[in-house]
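J.: Sequence:
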Amino acid sequence: MTELPDIYLDLTHEGENLDNLLADLDADDWARPTPAPGWTVAHQVAHLAATFRMAALAASDAAAFTTMTSRLSDDFDANVRMALAGYLTEEPAGLLERWHRERAAADRALRAHEPSEIVPWLVQPLPVAVLAAAGIMELFAHGQDIADAAGARLRRTDRIRHLVAFAVRTWNFGYLARGLPVPDVRIRFDITLPSGAPLHFGPPESAERVSGPAEDFCLLVTRRRHRDDLRLTATGTEAGRWMDIAQAYRGPAGAGRRPGQFAAAGTR
Numbered sequence: 389m390t391e392l393p394d395i396y397l398d399l400t401h402e403g404e405n406l407d408n409l410l411a412d413l414d415a416d417d418w419a420r421p422t423p424a425p426g427w428t429v430a431h432q433v434a435h436l437a438a439t440f441r442m443a444a445l446a447a448s449d450a451a452a453f454t455t456m457t458s459r460l461s462d463d464f465d466a467n468v469r470m471a472l473a474g475y476l477t478e479e480p481a482g483l484l485e486r487w488h489r490e491r492a493a494a495d496r497a498l499r500a501h502e503p504s505e506i507v508p509w510l511v512q513p514l515p516v517a518v519l520a521a522a523g524i525m526e527l528f529a530h531g532q533d534i535a536d537a538a539g540a541r542l543r544r545t546d547r548i549r550h551l552v553a554f555a556v557r558t559w560n561f562g563y564l565a566r567g568l569p570v571p572d573v574r575i576r577f578d579i580t581l582p583s584g585a586p587l588h589f590g591p592p593e594s595a596e597r598v599s600g601p602a603e604d605f606c607l608l609v610t611r612r613r614h615r616d617d618l619r620l621t622a623t624g625t626e627a628g629r630w631m632d633i634a635q636a637y638r639g640p641a642g643a644g645r646r647p648g649q650f651a652a653a654g655t656r
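Residues in the sequence shown are numbered from 389 upward in steps of one, following my numbering.
Simulated from the structure, these hints should not be mistaken for lab results.
There could be a bad hint or two in this list.
[Claimed, not checked] Beta-carbon label-pair distances, calculated as ranges:
#  : residue 1 : residue 2 : range
1  : A411      : P569      : 44 to 54 Å
2  : E479      : I633      : 18 to 28 Å
3  : S504      : G648      : 20 to 30 Å
4  : A500      : M470      : 40 to 50 Å
5  : H401      : P591      : 28 to 38 Å
6  : E479      : S583      : 49 to 59 Å
7  : A500      : R557      : 21 to 31 Å
8  : S594      : E479      : 48 to 58 Å
9  : A540      : V570      : 16 to 26 Å
10 : S458      : T623      : 38 to 48 Å
11 : P513      : L397      : 33 to 43 Å
12 : L568      : T455      : 30 to 40 Å
13 : L460      : A419      : 41 to 51 Å
All values derive from a computational prediction rather than experimental measurement.
We put the CB at the ideal spot given by N, CA and C, even for glycine.
Sequences are here, hints too, so could you generate the full structure?
T.: Set out below in structure tokens:
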């Protein structure tokens, strides 16, 4: 590669965006509860560190990654607890340093590949560009939880277009997570980036449509805000149903967020 693809650069910049927020936190802030039940800021950072460590391994040593994932149990929550345990023994400064190392290692490992190259991952092998987009999704979601705990607001840019595209690619995850049949429909997505630039996915003639700002769309698919608190519009029965269950990640859906949960803080 003579020039780094945007997806790699944008993943790095999104990590730096979160690091700017973390740099402003003191030791007590790391113990603050976040909107995710039972998780503090430290849990959120530990989760990101563990996830980026897995991404680095998948992109640098496929055999080692396969060996590691073969040891995982069928208990999703137990796997998460195990992944976090080694990080949560650290004091905030140590955890922050480990997060920086894991993020840098993932950046290096991903950049060693062409975006279209296939690497192993938790559910199935996928292109490196898609794994990088999943990293942006993780940063958006868990960064939002940290920002909510700190009473801060992260600056969103057109870099979130990768998350929008990832969520469209994984539009069926909400059904799969709930054991629901995936409907034989194609939803049209008309999304507006922070700059005002439009993004369009799906057939333009579809009667099932979702439209609105990209930040709101990303908050929906990461389940960081309830749909009632977002400036999104659904047209069609299935589009409305999809907005109720949308999620861009595999695993349990969780309770999500309540309508109006963040109104007192003045954030959507």
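J.: Look at the Cβ atoms of L568 and T455 and judge whether their distance stays inside 30 to 40 Å.
T.: For T455 against L568, whose Cβ atoms are near 33 Å apart, the range 30 to 40 Å holds.
J.: Can the suggested window of 18 to 28 Å be confirmed for the beta-carbon pair E479 and I633?
T.: 39 Å Cβ-Cβ, so the 18 to 28 Å window is violated.
J.: Quick check: does the Cβ-Cβ distance between S594 and E479 fall within 48 to 58 Å?
T.: Since S594 and E479 have Cβ atoms about 52 Å apart, the given range 48 to 58 Å holds.
J.: Could you check the hint for me, namely that P513 and L397 are 33 to 43 Å apart, CB to CB?
T.: Check failed, 24 Å falls outside 33 to 43 Å.
J.: Is the hinted range of 41 to 51 Å satisfied by the C-beta distance from L460 to A419?
T.: Once the Cβ atoms are compared, 29 Å apart, the range 41 to 51 Å for A419 and L460 is violated.
J.: Given a hint of 21 to 31 Å, does the C-beta separation of A500 and R557 actually sit inside it?
T.: The hinted range 21 to 31 Å holds for A500 and R557, with Cβ atoms some 23 Å apart.
J.: Is the hinted range of 20 to 30 Å satisfied by the C-beta distance from S504 to G648?
T.: violated (43 Å)
J.: When you take the CB atoms of A540 and V570, is the distance between them in 16 to 26 Å?
T.: Check failed, 37 Å falls outside 16 to 26 Å.
J.: Hint says 49 to 59 Å; check whether the CB-CB distance for E479 and S583 agrees.
T.: violated (40 Å)
J.: Given a hint of 38 to 48 Å, does the C-beta separation of S458 and T623 actually sit inside it?
T.: holds (44 Å)
J.: With respect to the beta-carbon atoms only, verify the hint that A411 and P569 lie 44 to 54 Å apart.
T.: The hint (44 to 54 Å, Cβ to Cβ) holds, given that A411 and P569 are roughly 46 Å apart.
J.: Falls inside 40 to 50 Å, the C-beta gap from A500 to M470?
T.: 28 Å Cβ-Cβ, so the 40 to 50 Å window is violated.
Hint check: violations occur at hints 2, 3, 4, 6, 9, 11 and 13; the rest are consistent with the structure.
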